[in-house]
Amino acid sequence: MSVATVIPAFVTRESFIELEARDRAQALMDPGSWRELVGPFDRIESPWLPMQSIAPQSDDGCVVLKGTIAGQATVVIALEGGFQAGSIGEVSGAKMTAALDLATHDSENGRKTAAVLLLETGGVRLQEANLGLAAIAEVMASIFALRQHAPVVTVIAGTVGCFGGMSLVAGISSYILMTREARLGLNGAEVIEQESGIEEFDSSDRALIWAVFGGEQRVGMGVADELLQDDAKEIAAAVQRCLKVGLPVVHRSQQIDLYRDGIAALDTSQQIEPLTLRKNWNNKQAKTKEGSA
Amino acid sequence: MEQLKFDYPSANRWISKRAHVGIVGSGDMEVLMEPAETGSAHVSIQTSVNGFGSSWKAVLDRFFARFDGAVRIHINDAGATPGSVMLRLEQAVEVIEQ
Chain R
85 MSVATVIPAF VTRESFIELE ARDRAQALMD PGSWRELVGP FDRIESPWLP MQSIAPQSDD
145 GCVVLKGTIA GQATVVIALE GGFQAGSIGE VSGAKMTAAL DLATHDSENG RKTAAVLLLE
205 TGGVRLQEAN LGLAAIAEVM ASIFALRQHA PVVTVIAGTV GCFGGMSLVA GISSYILMTR
265 EARLGLNGAE VIEQESGIEE FDSSDRALIW AVFGGEQRVG MGVADELLQD DAKEIAAAVQ
325 RCLKVGLPVV HRSQQIDLYR DGIAALDTSQ QIEPLTLRKN WNNKQAKTKE GSA
Chain F
32 MEQLKFDYPS ANRWISKRAH VGIVGSGDME VLMEPAETGS AHVSIQTSVN GFGSSWKAVL
92 DRFFARFDGA VRIHINDAGA TPGSVMLRLE QAVEVIEQ
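Chains as they are written, first to last, in my numbering: chain R, 85 to 377; chain F, 32 to 129.
Hints listed in this document are in silico derivations from the structure and should not be mistaken for laboratory results. Model, not experiment: these values are computed from the prediction.
Incomplete in silico selection of chain R near chain F, CB under 10 Å:
(1) Ala105
(2) Gly123
(3) Phe125
(4) Gln136
(5) Ser137
(6) Ile138
(7) Gln141
(8) Asp143
(9) Phe167
In this text, a Cβ means the ideal position worked out from N, Cα and C, and glycines have one as well.
Just chain R, with the same shape it has in the complex (with noise of 0.2 Å):
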């Protein structure tokens, strides 16, 4: 019996979920193509946390990367979970649209310049509040600009997952890929249960939490694209399938119609199985792409 017989693949593999952001961004990337934009000797740091005696990171945790990724000029945009949990303040906010935008300039200039997004993130940071929420306002415009010449790849890996503001740039970038470890959603379950009262969400219940955020239960919903195991290999495959792809034909965020007919026939009078849901939410956008075709 060979060792690879013994030894599943899986335990062999290499993690993408243990590589901190800037190992991330180069691990998707073709070896030697990239160079760091505002990098962490740079030091770039948010204003605002040391005076709310927080110590700061140089990068702010947001990592951008330009080069190519399969020959395909690209900007990684890499947000580092470990750092305040991802947030978005003013500096990894502005780090972010000045990357998209120059990703805009370029594909309107004739080199066109995809971008990925890594988002490990709960969104906002909340210690610098309208900064935060006016960077998420920026990066979204700057998504739509550019979503107009090259694709916008989401990868959402976990294990913060991606939420708050930030889902919101997931929602409207061309393609989702996450893993079962991932969680995407707008309102975080601690959020919901401090909201709502824990009868709406228990907060502690992790498997309820993965049936409703979790990737499996994303991807079988069809709001993201593609459920990948915890592999960088596999992940830089499927980054690169939907580069080569390209734009989709229709953005997931265009088909509004769908989505608000969906919610509209949403029976709320009983307790909605995220499994069902998954299997309405499913037909629907099947329905919707063979009548398009």
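Let chain R serve as the given structure and place chain F on it in line with the hints.
The following block gives chain F in isolation, referenced to the frame of chain R:
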């Protein structure tokens, strides 16, 4: 929030590379290590935990008893223990001496 500064004039070996390691997460810190043009070592620390100046000095004294590079070190700290501080410093040295 506390700012600390230390100088180690005896660390004067020329260093050409720079290193960035660590994350400012709870119980962890980041180190930026780069060549110091002054020809000796300088350390600046920004920490969210006040009152541990003597512990920082003890860890750095021990670190510079073995490391002699003329480096400028900046640390952003979110409550790393002395053991973690030493590991992060050694990790940065590993990067610049690769």
